[in-house]
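Trainee: Residue-level listing of the chains:
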Amino acid sequence: MSESNRPKRTILVCCGTGCLANHSLKIYHKLKELITKAGVDVAVETYIKTTGCNGLCEKGPIVKITPDDIAYFKVKESDVEEIFEKTILQGEVINRLLYLDSVTGKRFKSHKENDFYKRQMKIALRNIGEIDPADIFDYIERGGYESLKKALFTMTPESIIEEVVKSGLRGRGGAGFPTGRKWKQCAGYNNYPKYVLCNGDEGDPGAFMDRSIMEGDPHSIIEGMAICAYALGSNTGFAYIRDEYALAVKNMSNAINKAKEAKFLGENILGSGFNFDIQIVRGGGAFVCGESTALMSSIEGKVGEPRAKYIRSVEKGLWGQPTVLNNVETWANIPVIIEKGGEWYSGIGAPKSTGTKVFSLVGKIRNTGLVEVPMGIALRELIFDIGGGITAGRKFKAVQTGGPSGGCIPESLLDLNVDFDSLTKAGSMMGSGGMIVMDERTCMVDVARYYLNFLAEESCGKCLPCREGIKRMLEILNSICAGKGLAGDIELLQEICATVSEASLCALGKSAPNPVVTTIHYFEDEYLAHIRDKRCPAGVCKELTTYYIDPENCKGCGLCLKNCPAGAVSGQPKSWHSIDQKLCIKCGNCIDNCKFHAVKIR
Amino acid sequence: MIITINGRQCEAEHGEFILDVALRNGIQIPTLCHSEALPGLASCRLCIVEVIENNWSKVVASCVYPITSEIEVVTHSEKIKRMRKTLLKLLGARAPQNAYVRKLLAEHEVTPAARFQGDPDENCIMCGLCVSACDKIGAGAISTVYRGIAKKVSTPYDEPSKTCIGCSACAGVCPTGAIKVQESHGKRIIWKKEFELLSCAVCGKPFITPEQIAYLKAKLNQEIDEILCETCKRKAAGERFAQTCADLTASKGLLR
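Chains as they are written, first to last, in my numbering: chain A, 2 to 603; chain B, -8 to 247.
By construction, these hints were calculated from the structure, which means they are not laboratory data.
Don't take every hint at face value.
What the hints assert, rightly or not - Computed list of lysine-lysine pairs in DSBU-like fashion (alpha-carbon distance at most 35 Å, straight line):
#1 A:LYS303 to B:LYS224
#2 A:LYS511 to B:LYS127
#3 B:LYS94 to A:LYS511
#4 A:LYS511 to B:LYS76
#5 A:LYS261 to A:LYS31
#6 A:LYS123 to A:LYS563
#7 B:LYS72 to B:LYS153
#8 B:LYS208 to A:LYS303
My request is simple: use the sequences and hints to build the entire structure.
Mentor: This is the structure:
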């Protein structure tokens, strides 16, 4: 068989951050070595690539083989030889490495058939997991930079903006401001230079969609920015990326260089006479620098503090010039909107929240990972059908959306449709799309405390209500969790929340009380249990928790005894065990390990 | 254009800040971080007011809110008063023993909240005026450091700053007297840095650092022949003025 006639096969090894941490790079190198060694003896010409994140981080490392459409999950280095021998050489499927549906016990050859992927719709994540982010030709092969060509040679700046307006796309970074309207406003100012910025300072705990796009499909961001720049007449762009995202910085830098070589960036792009360049600015990792005006201050070399936004950035932004700032995910949607049209995009999702949204599902959920679904999906479908429900057979309690600016949504609202407006109405917000799922063993006062603690470190600290308000709310919450809550604490928290939410300088300060407001609103009984009864119903706050073993349920299996690090459990096999309260350190290992619900919280 | 503040019609220029228009019309709005010389900090939020436009009300900081249409402003609505009291309560928790803060609390009838553990030695309220003054002078010796609740004003690494000229403008603008300036035996210590003080050529009072003289020389691009303190400088200027007047009247024969 001649080289060109040989059938081709590609092995895609996921090298997203989650899989990398589980040694997927070793899998890649080992497979590559075996393929190279076998050389032309392999009947099927085989390529191997590293890709960005496939989303299902819980079951990584992931190895996909095309065109066979085989996906292997939880692959270990020790599986590599078998994959090579059986699948690559003989085309045989290794059953035990396929996705296993834990409920039905069914395995799926193609990843597209399982519930996690089946219900998704990928627009922003269209290429991630399918292409090698370091190879611009992979991007081009899948239609990359066609939209830029279309924009440059067949569209006017006005018609580009009109398409984006028509799409109904709203900013994916948090506030959900209509992207098209932002561009249109900026285009209306006859003041140059104008700047096009990418916000890659993702900082919400539990959110990693922007990171995944920057790492896995950097050209989609570059193309989106270049299209916008052409529409606005801007020649300079900045991508602000937090420095902790080392792989994102590396892949974005590499992609910018490759795009320049291929004339998609730089002087006289594709011979059109239009110039546009992007520089990377590495952020110091301050959460507040994700706020638009603080981000601009940081690019200008000043302290990353927000400024009053009574004059908007589209008029006076970076260095006082008209500026459009969009989030990573927003940019990744632009090329598709230009390719397929605004009307096509607006037909997806919910009426006032069009398109798809990427969510990161984390916390006490089975399928931890990144998913992209049409807006308007029910929270229940997202958490239970795609996310696979709660781990360890526990009960769902709440989901935290929108990061530190968001709030906690209780079980009673599980049928809520996830879009910008419904989440805001429920007291939370879309934010960047982080979803932290919590079960019955999560203390809601402690959750509010966690977010306040985060904000106490990450507020810029400039304005009085945000800085001092957060400090004092945290002080009260610490005291409630330590069993020193006083009558009147809830009212005092509410008083501070009301002022911080309106008097603060920036949107981060204004939304900082949300975790406290929503937990009081939906879980006031838990606050009262802490303050009045000196009890933590979830068994999290150590000073307020006493574990005991119920003789009715205890089978004397000894698992609690085995897992107790303090030697506080005693008992003979097959008879009731008990906990010595003097020795107990309240770590919760006994309750977490008991299979018979015998360990209880008092 | 005409805007309404507390029901009163006030003339305003496009782009003018609400606070400036209010003060010009004798309407008092409490401020803490506002200084005419160093505007735009908007950090203390005491100057919040309600702006009503198209039947929609929002809370804004009057010191930085530019007037672009004929809005209605309310400076002391129940909501604003309540929020201001909470802000003062938070301020009182931060600097419980500071005289200026205590005075403000008393003026607004706010009782300090017993729930909070305040630091009795804290006087700085983080308004940022000192940093702004130092920037304006061009020394850049102090800045805010850290963020969140740990944010504070300091020199780089809390060490004596190389660029500090010892002018103490920071202490001069501080509303709460939080910046310590020690002066004795011809020396000044500020921000852990010790400066020699040069004396006034007339009264002999030590008052200025050599670094300040160097700064002034560079700024004015001229030599400074005689170092005079503020009082003596004023006196000398007055004498020069009187002499000029006398010379003028004598030369023109206008002496009565």
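Trainee: Quickly compare the C-alpha distance for B:LYS72 and B:LYS153 to 35 Å and report which way the hint goes.
Mentor: violated, 44 Å
Trainee: Quickly compare the C-alpha distance for A:LYS303 and B:LYS224 to 35 Å and report which way the hint goes.
Mentor: violated, 38 Å
Trainee: Does B:LYS208 pair with A:LYS303 here, judged by a C-alpha cut-off of 35 Å?
Mentor: The given pair, whose Cα atoms are some 28 Å apart, holds under the 35 Å limit.
Trainee: Compare the distance between the alpha carbons of A:LYS511 and B:LYS76 with 35 Å, and conclude whether the hinted pair is satisfied.
Mentor: holds, 18 Å
Trainee: Sort out whether A:LYS31 lies within 35 Å of A:LYS261, counting only the CA atoms.
Mentor: holds, 33 Å
Trainee: Holds or violated: A:LYS511 with B:LYS127, Cα cutoff 35 Å?
Mentor: holds, 30 Å
Trainee: Please verify whether B:LYS94 and A:LYS511 have alpha carbons no more than 35 Å apart.
Mentor: holds, 28 Å
Trainee: Does the structure keep A:LYS123 and A:LYS563 at a Cα separation of 35 Å or less?
Mentor: With Cα atoms ~46 Å apart, A:LYS123 and A:LYS563 exceed 35 Å; violated.
Hints 1, 6, 7 from the earlier list are contradicted by this structure; the remaining hints agree with it.
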